[in-house]
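S.K.: Okay, here's what each chain looks like letter by letter:
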Amino acid sequence: MDKVRRGVLFTAGITGMMMVVLVFALVIYNNAINSRERTSEVGVIDRVNDIELSIKKSLKDIFDLEANINVTVDGKNVIFNEELPNDEDDDFRDAMDNFKAYLELEFKENPKGKINATKITDKLPLTIKPNSITYTHPEGFGGKEINIIPEEFNFNAYELDFNTKGQSSGNLNQDEGHICSSGSSCIQLIIKTNSNLKFNESVDMGVNNKLILDIGGGTIVIKIQNPGILIIENNAGKVEVKSKVYLNKFDNKRISISYPENIIEVDLSSLNIFKRGTVDIAY
Amino acid sequence: MRNKRKFLNLHCGNRGIIFTLDTFVAVIVFVLLLGLSSYYIGLSQGLRDVDLPTIRTGSDILALLDHKNILQTMNVDSIEINRDNALPDLYDMKIKADCKDSSGSSSGSIETLEAIPEDKFIGSGKRVFVKDNDNYCIARFFIWTK
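Sequence lines, in order, name chains F and X. Under numbering that gives the first Met the number 0, the first sequence has 3 at position 4, and the numbering climbs by one with no breaks. Under numbering that gives the first Met the number 0, the second sequence has 144 at position 145, and the numbering climbs by one with no breaks.
Hints should not be assumed to be uniformly reliable.
Each computed BS3-like pair below joins lysine-lysine, with the alpha-carbon atoms no more than 25 Å apart [said to hold, decoys possible]:
1) K122(F) / K56(F)
2) K95(X) / K56(F)
3) K145(X) / K113(F)
4) K113(F) / K125(X)
5) K125(X) / K274(F)
6) K125(X) / K95(X)
7) K145(X) / K56(F)
8) K125(X) / K55(F)
9) K95(X) / K107(F)
10) K111(F) / K145(X)
11) K145(X) / K55(F)
12) K99(F) / K125(X)
13) K119(X) / K55(F)
14) K119(X) / K56(F)
15) K95(X) / K99(F)
16) K59(F) / K67(X)
Footprint (simulated), chain X over chain F, 3 or more residues, beta carbon under 8 Å [stated by the list, open to error]:
17) 7 to 14
18) 27 to 40
19) 44 to 53
20) 212 to 224
21) 253 to 265
None of these hints come from the bench; they were simulated from the model. All residues carry an ideal CB built from backbone N, CA and C; glycine is no exception.
The shape of chain F in the complex, shown without the other chains:
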């Protein structure tokens, strides 16, 4: 009887062990199914990311090819170089619109790609990050005005150099000016024509300032409004404006110049993936 009991126990033990092995195998199988689903999703997310990055690079290439604005980051300072008025506005708009049409045709669904081109082509605003200072064209890209709009006094100086392209350079008249010596709104303003210094003073940028520069038969009006908003209005012939913004340090954060937020949208509804992004023009 004892031997029979031992035999039954042995059989039950072996069966139990095999059941455990079978359960492990089922667990491995189940995990493999889950793992495959996750891996496939990661793969799809990678592909969506690739497409988004390539769209960003394409938009940057179009800017470099067509916008006729040279943007450089020089250490902690940013330099914009642009003709005023900028004659390339129509070419830039056409290129952006054509690329938008191409992209939205090629990526109709899964993923669906979209570009908010009018956010760019209308006034071509470029944002300096992390300072949130916007370089823009309030009359429309191709107009006679450039604005540099900070949200606070988080910059050290403005330096403007006007290449008059052969036009004579006359006097700089301070129509309304507030020279200062200290204070958070007391910020240096440097104005040059053809690299020759015309003005180098600390100005109270918390109040209105207005300077008028004679160029050829016309004038360039430079206004400053609280909080340090710089307005350049060209009423003369075409000039090349080099605008340098000296920036405060932000804990060694990388400085970048980008289009407005949410310019690009990539939507993969089948996996509930929706990405929005912008494009870094320079960094």
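Dock chain X against the given chain F, drawing on the hints supplied.
M.R.: Relative to the frame of chain F, chain X by itself:
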């Protein structure tokens, strides 16, 4: 009667048959469970069919060719040379690119010469690029292990 009782009480020479039957049933159960386990583990191995490192390698190579403005040349020789310089020996890769101009008409396409095998995992992906101010293209890659 005594013989029958002995038979039923397992006191005589019938133990071999019972032992054999017992062993037979035990082996069947053992093999069945082991077979099922092996089957599911085998299925698990077969489910690992998405090779992310391979796809990512292809994606990186295509991005590199884009950032070095090699794709923009639409020159097959140049694309093949630069691709082979960067591609690990473990892989083979085919690249196709199709361009359209602003009117939506095809403005050129290229394709490297590799034949895509039918019996291997093929990783693929695509990216959009600007060839020049009037031509926009999509490049596709297909990558597999040699």
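S.K.: Evaluate each hint against the coordinates.
M.R.: To see whether the hints hold, each was checked on the structure:
1. K122(F) / K56(F): holds, 21 Å
2. K95(X) / K56(F): OK: K95(X) and K56(F) at ~19 Å, within 25 Å.
3. K145(X) / K113(F): Violated: K145(X) and K113(F) sit about 37 Å apart, past 25 Å.
4. K113(F) / K125(X): holds, 17 Å
5. K125(X) / K274(F): OK: K125(X) and K274(F) at ~17 Å, within 25 Å.
6. K125(X) / K95(X): Holds - the C-alpha atoms of K95(X) and K125(X) are around 9 Å apart, at most 25 Å.
7. K145(X) / K56(F): Between K145(X) and K56(F) the Cα gap is close to 31 Å, so the pair fails against 25 Å, i.e. violated.
8. K125(X) / K55(F): With Cα atoms ~14 Å apart, K125(X) and K55(F) stay inside 25 Å; holds.
9. K95(X) / K107(F): With Cα atoms ~20 Å apart, K95(X) and K107(F) stay inside 25 Å; holds.
10. K111(F) / K145(X): violated, 34 Å
11. K145(X) / K55(F): The given pair, whose Cα atoms are some 33 Å apart, is violated under the 25 Å limit.
12. K99(F) / K125(X): Holds, at roughly 17 Å.
13. K119(X) / K55(F): violated, 33 Å
14. K119(X) / K56(F): violated, 32 Å
15. K95(X) / K99(F): holds, 22 Å
16. K59(F) / K67(X): holds, 14 Å
17. 7 to 14: holds (count 3)
18. 27 to 40: holds (count 9)
19. 44 to 53: holds (count 6)
20. 212 to 224: violated (count 0)
21. 253 to 265: violated (count 0)
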